[in-house]
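So the sequence lines, in the order shown, correspond to chains R and V. For the record, in the first sequence the residue sitting at position 46 is 46 according to our numbering, with numbers rising by one throughout. For the record, in the second sequence the residue sitting at position 71 is 335 according to our numbering, with numbers rising by one throughout.
There could be a bad hint or two in this list.
[Claimed, not checked] Straight-line C-alpha distance at most 30 angstroms; calculated DSBU-like pairs for lysine-lysine: (1) V:Lys463 / R:Lys187; (2) R:Lys72 / R:Lys108; (3) R:Lys187 / R:Lys66; (4) R:Lys187 / R:Lys108; (5) R:Lys181 / V:Lys463; (6) V:Lys486 / R:Lys180; (7) V:Lys286 / V:Lys271; (8) V:Lys271 / V:Lys336; (9) R:Lys94 / R:Lys76; (10) V:Lys463 / R:Lys11; (11) R:Lys110 / R:Lys72.
[To be verified] Residues from chain V shown here face chain R by an in silico Cβ test under 10 angstroms; the list is partial: (12) His280; (13) His332; (14) Lys336; (15) Thr385; (16) Gly389; (17) Ser393; (18) Gly397; (19) Gly403; (20) Gly409; (21) Thr422; (22) Arg424.
If you're looking for bench data, these hints aren't it; they were derived computationally from the structure. None of the values given here were measured: they were computed from a predicted structure. Each residue gets a CB set at the ideal place from its N, CA and C atoms; glycine is no exception.
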Amino acid sequence: MGKVIVITSGKGGVGKTTSTANLGTALAMIGKTVVVVDADVGLRNLDVVMGLESRVVYTSMDVIEKRCDLDKALVKDRRVEDLMLLAASQRNRKDDIKPEQMQEVCEKLKEEYDFVLVDSPAGIEQGFRNAAAGADEAIIITTPDVSAIRDADRIIGLLQHQGIDSINLIINRLSPTLVKKGNMISKNDVLDILNIDLLGVVPEDTGVIASTNRGVPLVHNDGSPGAEAYIRIARRMTGQRVPIPEMRDDNFFSNILNWFSRNK
Amino acid sequence: MENSIVKLRGYKDGLHLIINPKVSLPEIETAIHELLGEMNQPLAGTSIHIDMRPPIFTSEDLSNLETHLTEKYDLVVSGVNVFDEKNESPILAAPATHSISQSLAADNHPDLEHAQIVHQTIRSGQTTSCLAGSMIVYGDVNPGGEVVAAGDIIVLGTLRGNAHAGAHGRLTSVIIAMELVPLQLQIGTYVNRPPVGQKPRGYPEIARVGAEDIIIVEEFIKF
Ligand SMILES: Nc1ncnc2c1ncn2[C@@H]1O[C@H](COP(=O)(O)OP(=O)(O)OP(=O)(O)O)[C@@H](O)[C@H]1O
Ligand SMILES: [Mg+2]
């Protein structure tokens, strides 16, 4: 029996879909069986980020309305074994699905797969409630800015209220140089406010946009700082003890410089 | 929403029905009927406080009124506050769950006798309140979170959100936090908004209403 993890944030555009695609891929790369579920009904884009857009035939809506079997609706990833996508319907609206229906789908999936990662839409309304309905655990994505942190805090409160105890944090798009200049909230300040366990820190990485556009998750692109961060996080999710590297400014710089010289 | 006998006011802690007790109970009930009859939203299930000035009702009148509000309008009476004639502070703030007649006989500062304790971070969008006394928070109060108390508020953590002490007007109430960097403090009706971007000072602070009727904040050393 696997587990269902909702990946959510409150605020939009902070990296939920990017994180779902990369963590799903990374977990499958280290030998886990994974389904990534797009719960962003009406605005689906997890399939695009994974490069599977053209292969989507059925969606979770078809499963819920019994137009096809769950197994048949799952799209196999092109690159990694044991990685599946359950796409969201683009024709429907978020309130066309009820939380119980999502929960039922997730419960079936976790009987067969180690990890069911649910990409939540932004906001705290029905779409979020659907995404969180079947979750055993949650991963909160935040960027180090005041409004994203505020929304993350709100979401944590709602998830705790729903009885989800295991809530971990990913801080995305951290730029140590900006933190050092005092222009960005530091990792410790974020943790101080949100007061939940840190699963990892993903640095600002220009490779993300390129990989999104190509439909190839970053983790396929070995060695980029973002990819390494996601791979470390995936290993932590499987219970391995992987330290969170201190992204101090000077380290970070020399890391990047090293990386550039290695890739020249 | 008002007529000369009853008024309905929304405060932070919810709806208050403010009653002029100088008229008889049947007159009050008629006035309530007029007031609630003209509302376009149904209030069923809402919890309200009853606020009044002396002369105080008999406890029998009070419980009749409470029954009336519950049975006729499906309202939940969550508290009864009786205000002192001269100053704004309530001389009685009783949760309705206690027997009202008992509370009427209690001493003048029940605010000080009760404290509610919560062991959690008060996060954005969450409110925790103690309308019958003081509030102690073992944790932080985050921006967008709020603590409301009839008495004092003590935060054994960082207060980054809003705190409203003396919510029924008790101006001697204080707010104490291990780190005090709030968005807004309120004591009674006095409001204080510290400058934005304030850094924590690294020592506990206390906020109270000072001589000039403004909220002053200083290092907390002892009571
Ligand atoms: N670590 C990063 N470095 C640079 N760009 C990033 C990073 N993470 C995400 N982005 C960019 O931010 C944008 C939003 O990312 P994404 O779509 O994953 O966010 P989301 O939280 O799913 O958004 P929505 O709330 O709209 O669903 C994308 O253009 C993505 O390429
Ligand atoms: Mg998204």
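For each hint, the structure was consulted:
no., hint, verdict
1, V:Lys463 / R:Lys187, "holds (17 angstroms)"
2, R:Lys72 / R:Lys108, "holds (13 angstroms)"
3, R:Lys187 / R:Lys66, "violated (45 angstroms)"
4, R:Lys187 / R:Lys108, "violated (37 angstroms)"
5, R:Lys181 / V:Lys463, "holds (17 angstroms)"
6, V:Lys486 / R:Lys180, "violated (37 angstroms)"
7, V:Lys286 / V:Lys271, "holds (14 angstroms)"
8, V:Lys271 / V:Lys336, "holds (18 angstroms)"
9, R:Lys94 / R:Lys76, "holds (25 angstroms)"
10, V:Lys463 / R:Lys11, "holds (25 angstroms)"
11, R:Lys110 / R:Lys72, "holds (16 angstroms)"
12, His280, "violated (27 angstroms)"
13, His332, "violated (34 angstroms)"
14, Lys336, "violated (33 angstroms)"
15, Thr385, "holds (5 angstroms)"
16, Gly389, "holds (5 angstroms)"
17, Ser393, "violated (16 angstroms)"
18, Gly397, "violated (24 angstroms)"
19, Gly403, "holds (8 angstroms)"
20, Gly409, "holds (8 angstroms)"
21, Thr422, "holds (8 angstroms)"
22, Arg424, "holds (7 angstroms)"
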